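**Student:** Now for the letters of each chain:
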Amino acid sequence: MPLDYRLFQSERPGSQDIAWCPGCGNFGIRNVLMHALAELNIIPQKVVIISGIGQAAKMPHYIKVHGYHTLHGRSIPIATAVKVTNPELTVIAEGGDGDMYAEGGNHLLHGIRRNPDITVLIHDNQIYGLTKGQASPTTVIGMKTPTQPWGVFEEPMNPIALAIALDASFVARTFIGFMKETKEIIKQAIQHRGFAIVDIFQPCVSFNKLNTYEWYREHTYFMKDHDPYDREEALKRALEKDPLPLGVFYINEKPTFEELVVAYKKDKRPLWQRKPKLDKIREMLELKRRL
Amino acid sequence: MTKLKDEVSIVLGGAAGQGIQTVEEILTRTLKLSGFNVYATKEYMSRVRGGVNTTEIRVSSKRVRAFVSRIDILIPFKKGVLEWVSNRLSKETIVIGEKVNIEEEFLDKVNLIKVPFTQIAKEVGGVLYLNTIAAGVVAGILNADMEVLRRYLKERFSAKGENIVQRNIEAAIKGYELGRGLCKEGRISVEILKNEEVKNEILLSGTEAVALGAVAGGMNFLAFYPMSPSTGVAVFAAQHADEFEIVVEQVEDEISAANMVIGAWFAGARGMVTTSGGGFALMSEALSLAGMAENPIVIHLAQRPGPATGLPTRTMQSDLFLALHAGHGEFPRIIFAPGTIEDAFYLTQKAFNLADKYQIPVIILTDEYLMDSYYNLPDINLEKISFEEYIIKTKEDYKRYKLTENGISPRGIPGYGEGIIVANGNEHDEYGDITEDEELSKLMQEKRNKKLEFIKRESIPPELVGSEEYKYLIIAWGSTYYVIKEALERLRRKDIAMLHFKQVYPLSDKTKEYLEKANVIIDVELNVTAQFAQLLKREFGVDVHYKILKYNGRPFSVEEIMENLKAILGEGV
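Going down the list, the protein sequences come from chains U and L. Just so we're aligned, residue 1 is where the first sequence starts under the numbering used here, counting upward by one. Just so we're aligned, residue 1 is where the second sequence starts under the numbering used here, counting upward by one.
Hints listed in this document are in silico derivations from the structure and should not be mistaken for laboratory results. There's no promise every hint is true.
As the list claims (entries may be wrong) - Quick list of in silico lysine to aspartate or glutamate cross-link-like pairs, DMTMM-like style, CA-CA up to 25 Å:
(1) U/Lys46 <-> L/Glu418
(2) U/Lys280 <-> L/Asp242
(3) U/Lys275 <-> L/Asp379
(4) U/Lys254 <-> L/Glu252
(5) U/Lys288 <-> L/Glu25
(6) L/Lys199 <-> U/Glu259
All values reported here derive from a predicted model rather than from experimental measurement.
Turn these sequences into a full structure, and let the hints guide you.
**Tutor:** Below you can see the structure in the form of structure tokens.
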């Protein structure tokens with residue numbers, strides 16, 4: 001039986017005055033996430049959202065699950081540590097394109113390599129919102145912004161191709177205009193055992209006048225009959241530019257970080273339930289008497 | 001004939017990769033197990049092959065725990081060693097080894113005992129055994145227990161097969177007999193008392209003490225990026241991750257390391273990072289997050305000379321201010337600076353309890369000298385330590401940042417209780433949600449910062465070493481403890497003492513009484529700008545009268561401290 005999604009509505013005073021602009025894609029993502037968690041039957045006490053900085057990263061305040069609103073770009077290392085400290089938790093790292101692809105780019109690369117069982121939700125609006133309209137790593141070439149008045153000339157990043165190239169465990173892209181499909185993709189990402197990246201196109205109604213709801217509807221399509229276990233095919237699809245494919249590009253099932261660390265070899269309990277191993281320390285000190 | 005009584009300082013010198021460390025290990029273990037007090041420290045270059053690295057081993061009838069510049073016996077394994085240590089040589093120094101390893105200009109200046117190491121090694125089975133022969137010679141000169149040496153070699157090389165074990169033992173015996181022979185011929189005489197109790201003592205390095213202290217403090221998570229001289233702690237943790245059940249992860253950069261440890265504590269682990277100045281600089285932002293989110297974190301910061309890459313494998317005490325001021329914004333922290341290897345264990349252990357209790361960063365500030373030194377010590381008393389638990393089971397409507405009298409809000413973690421945990425690097429309300437409220441912003445700043453007052457009440461007071469009736473008071477912190485202590489013991493004056501700080505922030509209020517009693521205050525630090533003296537001035541308004549500062553990347557020696565003190569005390573040098 002799925003849970004009631006309203007279980008995830010936060011009653012806290014700080015959750016009431018939402019800082020997102022009317023019409024912002026973030027609302028849709030929040031809505032979808034609440035429904036996804038409810039349908040997956042995961043209670044709020046078992047979910048942790050670790051967010052970075054930016055408008056997207058305010059998510060932990062507007063949804064009733066555990067949250068940590070951390071630093072710009074740093075959500076992935078923190079989420080990784082939370083997961084490996086307590087594998088019983090469902091851990092989500094959440095942030096925008098600046099958070100995950102610019103400031104946190106290095107952590108994304110190594111998060112993919114490390115492969116903790118976390119879900120990474122990237123609210124990709126191809127612009128900086130909170131700092132008011134500067135270009136992001138996914139802003140298209142030629143777009144003029146207050147800090148790129150001559151137009152962006154850097155090649156936009158292709159996070160999907162990058163993740164597949166790094167043999168990531170789960171790689172998907174969606175557009176929040178398609179709520180039902182997005183919910184299913186997020187559910188699949190959460191259920192996937194391993195590092196699951198979901199790049200979510202999400203219009204910034206205040207600062208990105210190009211990539212609007214309409215634009216995304218016209219320039220994206222859901223892949224049909226795509227085999228996500230075929231890496232070469234996945235990479236080919238990831239390189240398509242216009243229209244941009246949506247859906248699950250790539251799945252690579254492999255052992256997770258927390259399955260591989262020795263700390264869980266004998267003892268499956270979360271780390272917080274454990275005590276210092278004084279007997280072992282005593283043994284080692286005794287050994288040092290004889291050596 | 002050269003007679004050495006009660007104490008000898010042996011220096012081994014060779015190229016990186018030549019196996020000096022093997023000789024050092026064989027010797028220190030064998031000598032300790034034979035009943036001699038031993039102390040060892042090394043200095044080495046930041047390279048994998050070549051150059052000159054040296055190790056000093058002091059062997060003594062009584063406890064020795066400090067670096068001396070004097071060299072009684074020097075064993076060079078390559079040409080260039082004598083030049084490298086030339087300012088530490090005297091006409092009493094005995095050089096044992098092969099002529100080929102001694103520079104022309106030193107040949108008539110030193111007291112040379114020729115030993116054909118290479119030739120003997122070839123007889124045994126190859127130059128590979130040269131190190132064991134050298135260790136054997138020293139063991140023989142000191143009259144160490146050959147049986148102990150045999151046992152040690154057997155254990156050490158057992159993985160390499162019976163043949164290798166036998167050849168090493170043969171090499172050691174040849175060396176040992178040669179060493180004994182030198183004594184019988186009257187070429188050298190060393191008289192050091194063996195002590196039954198020492199045989200059973202623990203040989204522990206600063207690196208091992210920090211690592212074991214962390215484990216005793218409940219460390220079950222360590223994230224790091226390799227950086228000298230802090231890496232040894234991570235190596236130890238990784239090699240013992242299985243038995244101590246530690247998550248040990250080498251990460252992409254120090255930014256990730258510190259943030260991971262923050263995440264680990266947030267979810268209920270006890271985490272630590274181990275780093276040096278450059279890596280710590282990258283952690284400043286995370287440190288500030290820990291301050292704002294009231295997230296515990298333990299940081300081991302092993303100092304080396306800076307700025308920038310500086311001298312990667314050498315020592316200095318120049319990151320006190322970095323540790324003290326790192327991180328934007330204002331928040332409390334604790335900084336320990338172990339003076340001894342025992343301190344390194346107990347303080348690191350304690351750091352975890354304090355980080356948990358006050359929900360703040362606790363920094364253990366060591367240095368290369370402490371990391372790379374070791375000596376025999378009677379015991380590490382595990383009865384003395386406690387594992388203090390502060391995590392609570394949350395109830396519904398839990399407030400992560402509940403305003404309290406002492407600023408400490410009971411800390412819940414995700415997955416334990418009914419409450420929802422919201423932590424935040426933005427200014428926040430009691431639930432952890434973002435706020436811009438004037439009153440609340442002020443209250444939260446006060447909440448975080450007032451913890452310092454409570455922390456201060458349990459600050460470890462400085463330790464007075466030497467005469468209570470001092471007129472001259474030496475101020476010291478961190479790893480200079482034993483060097484100064486030995487200098488004071490040798491000076492034998494009733495009017496001088498050392499005030500040593502192992503907690504450098506916040507400083508205990510008792511400090512003031514000690515400072516006020518002194519007529520003359522002498523600051524001793526391994527840095528250019530007398531950082532600790534500046535801190536004392538800031539905290540207590542006290543000026544020091546003399547500064548003994550050193551900043552060439554080398555530790556103080558006992559002799560150096562004595563010379564400097566004699567100059568100040570008017571005794572002449």
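**Student:** When the hints from earlier in the document are held up against this structure, which numbers fail?
**Tutor:** 6
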